[in-house]
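J.: Here is how the chains run, residue by residue.
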Amino acid sequence: MAFGVSSPTDQQVSQAEFTLRVNGEEYAVRVDTRATLLDVLRDRLGLTGTKKGCDQGACGACTVHVDGKRVLSCLTLAAQCQDRRVTTIEGVGDGASPHPLQSAFLQHDGFQCGYCTPGQIMSALALLNEGRAGSADEIREYMSGNICRCGAYQNIVSAIQQVAGDRGAAL
Amino acid sequence: MIVVQPFEYVRAGAVAEAIGEAGAVGSAAYLAGGTTQLDLMKDGVLRPSRLIDITRLPLGGIEHHEDRLVVGSLTTMEELAADSVVGRRLPFVREALLRSASVQLRNMATIGGNLLQRTRCRYFRDRTVATCNKRAPGSGCGAITGAHRTSAVLGTSPSCIATHASDLAVTLISLDATVHVIGAEGSRAVPLTGFYRVPGEDPSVENDLRPGELITAIEVPLLPPEARSHYLKVRDRASYEFALASAAVAVTMRGTRIEAARVALGGVATVPWRAVEAEAVLTGAEASVALFRTAAHAAVAGADPRPQNAFKVELAQRTLMRSLRSVTGVSS
Chain A
0 MAFGVSSPTD QQVSQAEFTL RVNGEEYAVR VDTRATLLDV LRDRLGLTGT KKGCDQGACG
60 ACTVHVDGKR VLSCLTLAAQ CQDRRVTTIE GVGDGASPHP LQSAFLQHDG FQCGYCTPGQ
120 IMSALALLNE GRAGSADEIR EYMSGNICRC GAYQNIVSAI QQVAGDRGAA L
Chain B
0 MIVVQPFEYV RAGAVAEAIG EAGAVGSAAY LAGGTTQLDL MKDGVLRPSR LIDITRLPLG
60 GIEHHEDRLV VGSLTTMEEL AADSVVGRRL PFVREALLRS ASVQLRNMAT IGGNLLQRTR
120 CRYFRDRTVA TCNKRAPGSG CGAITGAHRT SAVLGTSPSC IATHASDLAV TLISLDATVH
180 VIGAEGSRAV PLTGFYRVPG EDPSVENDLR PGELITAIEV PLLPPEARSH YLKVRDRASY
240 EFALASAAVA VTMRGTRIEA ARVALGGVAT VPWRAVEAEA VLTGAEASVA LFRTAAHAAV
300 AGADPRPQNA FKVELAQRTL MRSLRSVTGV SS
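Residue numbers (numbering that gives the first Met the number 0), protein chains in the order written: chain A, 0 to 170; chain B, 0 to 331.
Worth flagging that the hints you see were computed from the coordinates, not collected in a lab. Every value quoted in this text rests on a predicted model; they were computed, and no experiment measured them. Note that beta-carbon positions come from the ideal geometry of N, C-alpha and C, so glycine has one too. You may find that some hints are simply not true.
Simulated DEER-style distance windows between Cβ atoms [as the list claims (entries may be wrong)]: (1) A/R43 <-> B/H296: 44 to 50 Å; (2) B/E276 <-> A/E129: 39 to 45 Å; (3) B/D201 <-> A/P99: 52 to 58 Å; (4) B/S138 <-> A/V12: 25 to 31 Å; (5) B/P210 <-> A/Y26: 50 to 56 Å; (6) A/Y26 <-> B/P190: 46 to 52 Å; (7) A/R20 <-> B/D303: 25 to 31 Å; (8) B/E276 <-> A/V12: 49 to 55 Å; (9) A/C149 <-> B/S186: 48 to 54 Å; (10) A/D82 <-> B/H64: 30 to 36 Å; (11) B/T127 <-> A/C149: 28 to 34 Å.
Negatives, chain B to chain A, calculated, CB over 12 Å [unchecked claim]: (12) G22; (13) G33; (14) S101; (15) D175; (16) V197; (17) G199; (18) P210; (19) L221; (20) V288.
Generate the whole structure from the sequences, applying the supplied hints.
T.: Here's what the structure looks like:
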């Protein structure tokens with residue numbers, strides 16, 4: 000069968016049309032109702048900073064913020080996000096003007112391959128806002144939804160502690 | 000990985016509308032946090048033709064009454080864990096919540112959905128495996144003769160030994176919580192102790208919900224102010240893991256005498272397991288390690304272990320005993 004030919008299943012595909020608000024920008028999208036927020040971010044909006052790891056809610060690589068809270072974009076339907084405020088790693092900072100947490104990850108060598116890093120940073124930003132960076136143990140517990148297969152955990156904790164300490168000093 | 004079966008997405012604006020949409024087609028499902036629902040739809044285990052998004056319904060929020068909470072079914076796990084009354088009067092509920100999943104999942108997952116979460120049994124979740132009576136009634140149980148290290152030892156049947164995965168429900172069943180549901184036939188209240196179904200001959204029926212019924216709230220009695228409670232969860236890694244065994248314990252003490260005890264076990268049973276036999280041993284007795292041992296023994300008296308999960312019979316008892324030592328402060 001040639002690529003792109005409609006099968007009977009394709010004809011039953013249901014579409015959803017709505018506006019997605021990501022990093023302050025509005026995007027009009029029309030997608031298969033089955034599309035996850037993760038797939039729409041990456042494949043339709045070109046926001047590939049958010050990573051697909053396990054795609055089943057076990058690794059945390061796809062962590063984004065929806066209405067200010069950290070969630071897994073692989074287990075969120077894009078259609079559910081209409082009228083919601085989505086923030087991805089692209090909305091946090093970039094190479095020219097990194098967020099202090101991104102700089103801290105660089106300083107502390109908080110990654111090796113870097114694939115889990117956007118999810119780690121989105122999760123850690125939320126953790127700081129939740130007030131759960133009080134100790135290394137607390138950080139480890141509340142960052143446990145983000146798996147790093149390179150095992151950079153010690154340096155990730157150090158990076159978060161530095162930013163938490165800087166924030167505390169600024170109060 | 001995409002959801003296997005195409006579906007129609009409907010966003011309900013009112014409870015009555017949601018129920019109506021559910022009744023309109025044969026295989027409709029509600030979508031709340033989605034952490035189980037979408038996961039299993041990606042695996043092709045659940046294949047609804049219509050998905051009714053209920054997340055915009057006014058079913059969130061926690062009502063505080065003098066002797067109980069009424070928790071809206073769309074309250075998230077993180078929201079319930081952050082509730083000050085839960086922290087003060089139901090500390091073991093908070094412990095169970097914060098030891099579940101990850102923050103990301105707890106921000107999504109709702110309390111109603113948590114009660115309905117499906118088993119982690121690999122035979123249920125892998126549709127390329129032919130045998131699972133829960134997924135395909137009558138096909139057999141792959142776990143009984145296959146990999147069953149994490150399977151249940153209590154409440155099992157020759158048809159199914161799948162473990163119920165919820166931590167929260169273990170504490171709620173010990174508290175005699177009530178589930179409020181609404182359907183086409185109207186509203187009703189179901190005691191959580193009568194809500195779950197042990198597998199029996201048809202493990203595909205897991206609870207008392209009728210087709211199209213929607214959980215609207217969970218009513219949770221508060222513990223007396225002087226009660227002490229603890230949820231102890233034992234697992235293969237320190238965080239972000241399901242229980243191999245867990246114990247929810249709440250006691251009211253007078254000196255060293257246990258006046259009232261609520262006990263339930265998780266990670267070892269096909270349903271959240273109220274350990275009434277252990278409660279009977281503890282109630283009115285002088286707290287001692289010997290008493291805790293007798294209670295723990297009573298809790299697992301009906302266990303039906305298999306080669307790979309036989310360790311759970313001992314682990315459940317030790318977990319319960321440690322939890323009892325912790326809440327009573329009695330360790331000799």
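J.: Does each hint fit the structure? Answer for all of them.
T.: Right, here's what the structure says about each hint:
no.	hint	verdict
1	A/R43 <-> B/H296: 44 to 50 Å	violated (59 Å)
2	B/E276 <-> A/E129: 39 to 45 Å	holds (40 Å)
3	B/D201 <-> A/P99: 52 to 58 Å	holds (56 Å)
4	B/S138 <-> A/V12: 25 to 31 Å	holds (29 Å)
5	B/P210 <-> A/Y26: 50 to 56 Å	violated (38 Å)
6	A/Y26 <-> B/P190: 46 to 52 Å	holds (47 Å)
7	A/R20 <-> B/D303: 25 to 31 Å	violated (53 Å)
8	B/E276 <-> A/V12: 49 to 55 Å	holds (53 Å)
9	A/C149 <-> B/S186: 48 to 54 Å	holds (52 Å)
10	A/D82 <-> B/H64: 30 to 36 Å	holds (33 Å)
11	B/T127 <-> A/C149: 28 to 34 Å	holds (31 Å)
12	G22	holds (19 Å)
13	G33	violated (5 Å)
14	S101	violated (2 Å)
15	D175	holds (30 Å)
16	V197	holds (27 Å)
17	G199	holds (30 Å)
18	P210	holds (22 Å)
19	L221	holds (26 Å)
20	V288	holds (29 Å)
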